[in-house]
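Chains as they are written, first to last, in my numbering: chain A, 2 to 106; chain B, 2 to 458; chain C, 53 to 398; chain D, 37 to 526; chain E, 6 to 193; chain F, 306 to 473.
Heads up, some of the hints might be wrong.
Within a straight-line C-alpha distance of at most 30 Å, the following computed BS3-like cross-link-like pairs (lysine-lysine) qualify [what the hints assert, rightly or not]:
(1) Lys57/D x Lys483/D
(2) Lys195/C x Lys377/C
(3) Lys73/E x Lys161/E
(4) Lys112/C x Lys50/E
(5) Lys420/B x Lys138/D
(6) Lys17/E x Lys465/F
(7) Lys338/B x Lys420/B
(8) Lys195/C x Lys329/F
(9) Lys352/B x Lys57/D
To give an idea of the interface, some chain B residues facing chain F are shown, with a C-beta separation under 8 Å as derived from the structure [claimed, not checked]:
(10) Ile123
(11) Leu139
(12) Gly140
For the record, the hints were derived by calculation from the structure and aren't laboratory data. In this text, a Cβ means the ideal position worked out from N, Cα and C, and glycines have one as well.
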Amino acid sequence: MQPQNGIPIDYYIWLAAALFTIGVLGVLYRRNAIIIFMCIELMLNAVNVLLVAFSTYLNDAAGQVFVFFIMAVAAAEVAVGLAILIMMYRNTKTTDINILNRLKW
Amino acid sequence: MNALFVICGLGIISLIAEIANFRKWLISIIVLGLLGAAALVVADWNTAVAYYHDMLVFDNFSLAFTGLIIGSSLLWFWTASDFFEALFHKTDKSALILFAIAGGVLMTSFNNMAMLFLGIEILSISLYVLAGSRKEDLGSNEAAFKYFLMGSFATGFLLFGITLVYGATGTFQINTIANYVLTHAGELPSFFYAGALLMLIGLAFKISAVPFHFWAPDVYEGSPTAVTGFMSTVVKIAAIASFFKIFATCFSTIAPVWYTILLVIMVLTLVIANITAVYQNSVKRMLAYSSVGHVGYILLAFLADHKESDGTIFFYLAAYAVSSLAAFGALILVGGKEENTLVERFNGLFKRNPIVAVGLTIALLSLAGIPPLPGFFGKYLVFAMAINNGMIPYVIVAIVTSLIGVYYYFRVIIAMYFKDAVAEPLKVSTSKEVLIVVLILITLALGIFPDFLIQLL
Amino acid sequence: MITFLTFKIILVALVFVITLLVAAYSTYAERKVAAFLQDRIGPNRAGPFGILQPLADGLKFIMKEEIIPVVSNKFLFILGPCIAMMTALMAGVLIPWGGTLTIGGETYALQIAELDNGILYVFAVVSIGVYGIMIGGWASNNKFSLLGAIRASAQMISYEIAMGLSIIALVAITGTLSLSEISAQQAGGTGGDWNFWNVVYHPLGCLIFIICAFAECNRTPFDLPECETELVGGYHTEYSSMKLGFYLFAEYINMFISSAVISTLYFGGYNFPFMNDLGLDQNMITIIGTVVMFAKVAFFIFFFMWIRWTIPRFRYDQLMNLGWKILIPLAVANVFITVASYLIFK
Amino acid sequence: MLTVFLIFFPLLISVLLLVLKPAHAKVWALAASIIELAASLFVAYSFDKNGGLQYFVNVPWIDSLGLSFYVAIDGISLLLVLLTTVLVPFIILSSFGHQYEKPSTFYGLILMMQMALVGVFTARDGLLFYLFWEAALIPIYFICLIWGGAERGRITLKFFIYTLAGSLFMLVALVYLYFLTPGEHTFNIYALYDAGAALGPYPQALIFWAMFVAFAIKMPVFPFHTWQPDTYTNAPTQGTMLLSGIMLKMGIYGVIRWLLPLVPLGVKEWGLTAVIISVIGIIYASCIAIVQKDLKRLIAYSSIAHVGLISAGIFTLSETGIQGAMIQMISHGILVVALFFIVDIIQRRTQTSELIKLGGIRNAAPIFTTVFIIVMLGSVALPSTSGFVGEFLLINSLVQYKFALGIVAGLTIILGAVYMLRSFQQSMSGEANAITATFTDLTGHEKLVLYPIVLMIIVIGVYPAPLLDISESAVKNIVEIYSNYSASVK
Amino acid sequence: MQLTNRSKLVVKKEMNFWERMYLPAILGGVMITIRHLFRRKSTVKYPEKTREISSIWRGQHVLKRDDKGAERCTACGLCAVACPAEAITMTAAERKKGEENLYREEKYASTYEINMLRCIFCGLCEEACPKEAIFLTDRIVTTDYSRTGFVYGKDKLVEKVDDRIDVTKRQTLAVQEFKQQKQLSHNK
Amino acid sequence: MTLNLFYFLSFLAVLSALMVVFSKNPVYSVLYLIITFFTIAGHYILLDAQFLAVVHVIVYAGAIMVLFLYVIMLLNLNRESEPHKSNILKFAAVICAGLLLVVLVGSLKGTEAIVQQSGKAGIGYVKTLGEVMFKEFLLPFEITSILLLAAMVGAVMLGKSEKTNDTI
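The following block holds chain A by itself, in its conformation from the complex (with noise of 0.2 Å):
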């Protein structure tokens, strides 16, 4: 299959296979909370080039659209997550961001 600019769709998809499962590895991998988060933000926006990658292919805007909903939603997400650090971080009055660690699993 080749596709306007060239470049098969397989392609694509392996790209964003191994970014989002970098981004798993790193939710595993680390412990530092704010590195999951941003892991899981990779793990998104490897969603994100796959959709944009099969809306181009597809030739469907629904696709992107989409990923402007993702995008909403992750900068919400982001947000909400960050607050909730800060406010972990007001309780403890500490820089220190051990209190994170309780967070085993």
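Take the given structure of chain A and dock chains B, C, D, E and F to it, following the hints.
This is chains B, C, D, E and F only, laid out in the frame that chain A set:
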């Protein structure tokens, strides 16, 4: 649809209440509004209408679950009225709750992956915040953060799944997807199945099925009790409704792909959740595990016959919601300001406050599935369905786990009736007493005349 | 194609040089304006009227000793000013500096690149600019720098929202995100067909945009990130020599670009009144237009300085109040009012 | 309609007691139970011995579950309903010597229990039967939990889970059968009979065991009995009476009504096993009873032995056996209530029920001792007491079934005599000690309980025919159904 | 205690809508500044142009010689005593034979230093001097790179024989008269 | 040319994504993530979705990552504050992720079923997107406002200090 608008409008009204200074009447307005929404749901009954380019479809399934969500929310507002008595953020909290309810309604009525996704996110984001609404309490903070991280993580999986499904079928409309799958059976790309499974994982996080449940106990324990009550009723209803909708419509034809996986998840959920619940010292945490366990029963019904199980699941959830609300209502009263819900706290509750004790007892009995309470009929329907579909070994597993369930529920009952009271009598406001009586009556009524709800779907 | 490329390359070089030149002379102008507004005469030693002062300053920056704090993060410490400079320069790509020139039968637009969502591109670049300040401030490992960096980021994010909202009304009415089209739509009146500058239609939006532009450029009265009375020098406390020069340069380039964007969006860009009624050659109009454009830009740069020496600095909470509680609601209201009145009076 | 009255009248009173908490709850409860007794006597009076099912009510309840409120009375049901309605007033009366906390709750729960028991004995719908079966569990659980002895928390939970576990398996079996009923599925007992009989031997065996376990736990039969002694000891006396006097009969009734005709092949295949288990249980329980130091525990074990005999008799599947079981159920119910009341009296006066600490009561309380002797003799099945009729019929049927088993089971009379007489000897005769010296004789309400019971023991022992008549046709009917099915399959 | 009428009482009254908009006020401020843009600049381009100075402007000191070219200073130390900034130090020495043309009297200052960094140019030294040896001139103390460079010794203070500094403007008639009245002098 | 660009961008994306995970210093993680985002924006442009690319840069690089950096700076996170995670767990995480990758790649093969739809080019233009968004996806678009409102209310509620007006 109109109910959805009403709920969103109520959320905005409660934000306006902060500015326009009518906080006092806010709860009354919300209750009236929700009643109105319920009436709208009833009025829409038997009219399967698709709205806005098929974004939402309010058929009887959606309406029933929407009604259930609204009903539970109404009761929840009553049980959790103390939650809104706090000095700060009264209106914010109620607005968030209402938005969460709106999200839940979307999750029951979506017909497009975008609506599912947004519904889940509206619900989740509101709850992340509500989970942390005891701001000075580190446990609550931790709950919020953990819920947040795991919720977002699950969202990632869900989205990846949606994307792959979209890539394979070229649409986000679930009925179109279902048709596509039906007409293109055998020629679907393999990543369609991967997408379905990733969505399964994502939704399993949301309904907190083992092994994707590990966030649930911590979050349930850390959150304010009222919010936990909300999570374990309204949220659970919405999550399961969306799970059902996706897998019974979209992926119904590829059932062999997910059947075995879901079967394993179901058994694990039943066994692990119920066994772990036994070891909990906090009643809240125990209820958290039990709520995970209940998902197992629902999954059992779903697996037995995923197309026809909606009525069973609906009744199970209704029964579970009522009992759960009663339990959490009692928990809020017993836990007091410091939200201490250790089992010891319940010692001698029968002597300290018989009404609360009896209410909690009936709730727990119903959760344990003792006839003639609704919880029994829920379980009965599930078992009957499973037996009818030849899943007797799994029914045996479910029976054993529900016996384990009896064990841990009865620990609380024993504490209430058998142990000596450690504290002075528990004073409870009249409205709360009335509430408990009402909840008891609803529970009993559901138990004695369950037919209406069972036949609803 | 070749000529097109050549033209573009020349244009890029030209814009680059002009940008640097304008930025350089802005430093001079800043001192001059400050002096004049305070009844002084400002630098006047280097060259006639001190016209070579920027060169002298530049020379001084280069000759100064490089100081990199031992405890700082060296890589990021150097990266900071580079990012600041780079993003500042990048924003000029989309500004239409003039109309079209016809040389040898070929028509060239006096714009380096044309995107159908040019405004957004400018926004994107501007929003990245904050990294320079944040990274530099953090890498300095100095409390004042860090405070400056934090202030800068919070301030820029806050004001970006109002800024973005303020132009939504404009975009809604003009129906395009392309800067060149917006410019073209404000072309001077032709035979009874009156096209006013956008500022006539969007006075409130323009005001908000200008205020936000001040904040985005960290200019007084919003220069909290570097206010020397509180934070010594803010994010560039630890910087010296050319790295400091980069930061200062970046600030002036930003000012230049902001002025250009303001004039393009709201004040007609390269258009001037009655330009189509004069019966001039197209190339002539373009050249005059470019001059006009630069005149407008110059005015806004002057305006930036003028305001700087008029209004005292905000307190930080006042800054945030202004951004969140006043500008954003105003911007939203502006959208509603503008769109509603457009629908009514259309 | 009378059946409905019999079921719901106690419930109504119970709810009234629980909600209104009147001052003299015990009087209310007693009055209610007497009205109930009168109603049941009226039923017995107007009962047509050869009329099959009578007083039946069949209204659909939960359509979607195939559940209908189908209750009816036949001979077997009537006997057990009578047992219930007769014993409950005595049980309530026997509690007059106690000052229970929250009396209205206590009596409310007893009446609720009565409701469930009557329901169990009259239900003709599988699910309804199950519902009543479980409903009986809740009040007794709370009675034991709230007013029981020191160890009650753990022990009652064990009891609860045991019985619930058994009943859940029964539920699975019922549901399984439910889905085999033709057309619109139904839980109607006769439809279930048909569905069960139509199955092959293997599923029938599975169903047999699923249901047998439920009933065996309730009775309790030997390997499933471990909850029983502890629970009996720890429960308040009235609870023990309810458990042993009536509730235990639920299991036996279940076997007769819900097991034998339901899965004839299963019964046929595994009946012998059940008999053997039961007989082992008899011997085992009797032997343990002999070495018991505590009077209450001793009676508990004796109860296991008796029930074992009944169960063994039923599984002989002969009319004699089942009739014997019927009469023995009545007799055992009366006797065990009397025995536990006697223990209760001893315990209340001496604060102990350990045999070693007792002795010499007969000097202090001659009337009491006399009553005890009569009850005890009834329990060891002395001819002309009620116990004799039942045991005779049961052993008779066992001998006919398998001679050796009959002989072994017959040992129960001897062993029973051993432990009963030993207990009597240790508690009543001998020298009075500090505790028993001040033993007062029977008081008013105690006499009111014990005299009628003694009378009944003797009357039934001498003239059991009316009772046997009542149940005869129903028993015949069941045996017939069973033999028809098993013959037809053959 | 109210000394002047210039102080203004600050009132924190609620601002009305227009005031809260700030824009009119900002506009006012902007107008003020723009007006200054066109004002005449008050800067004097110094080296090329200097500002006029007053006739009694007090600049760098000078140690005068008499008409014959001998130093007038006798190292009496009155100037150092009078100096409020303690900027003046000196050491006295006796005149040798053959130095009569150098020093007017038998005693003279072998060193005389004024620390220009300390000096406040108050002119008290001039007033205190009984020999009319030290005067403040209209010369400017020049800049220097080192601290020590500002400690002016006799090399910088004493006027050159061939380059006499005219202080007559400072020695007005009134001053001379004042100095002749012995009873008014400081060191009576 | 395009393919090479794709390779380059993908390589950079994956590399910097890995660096996000393995950088010791959170600030470096943020910076690497920003690089990843830029490469993703590059991919968008390759896919002819310029509008999305610009919005992506504005939202992710311009707002979200600034917030991350802001919080990291505010909380003074540095490499010492990262708690030790046992090597076994890390190993398990790597194995899990590796398995996921293998499963994904394995299951994502075989894309023949996607038929390239012929149609007008330039679906990435604002106009096309606007048409779809405001016609077909109008309801989700409106519902997003509820989402953002909830997030806003929530963030303010959590972030606001209740006791006094001391700012952090």
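Numbers of unmet hints, in rising order:
The structure conflicts with hints 11, 12, although it agrees with all the remaining ones.
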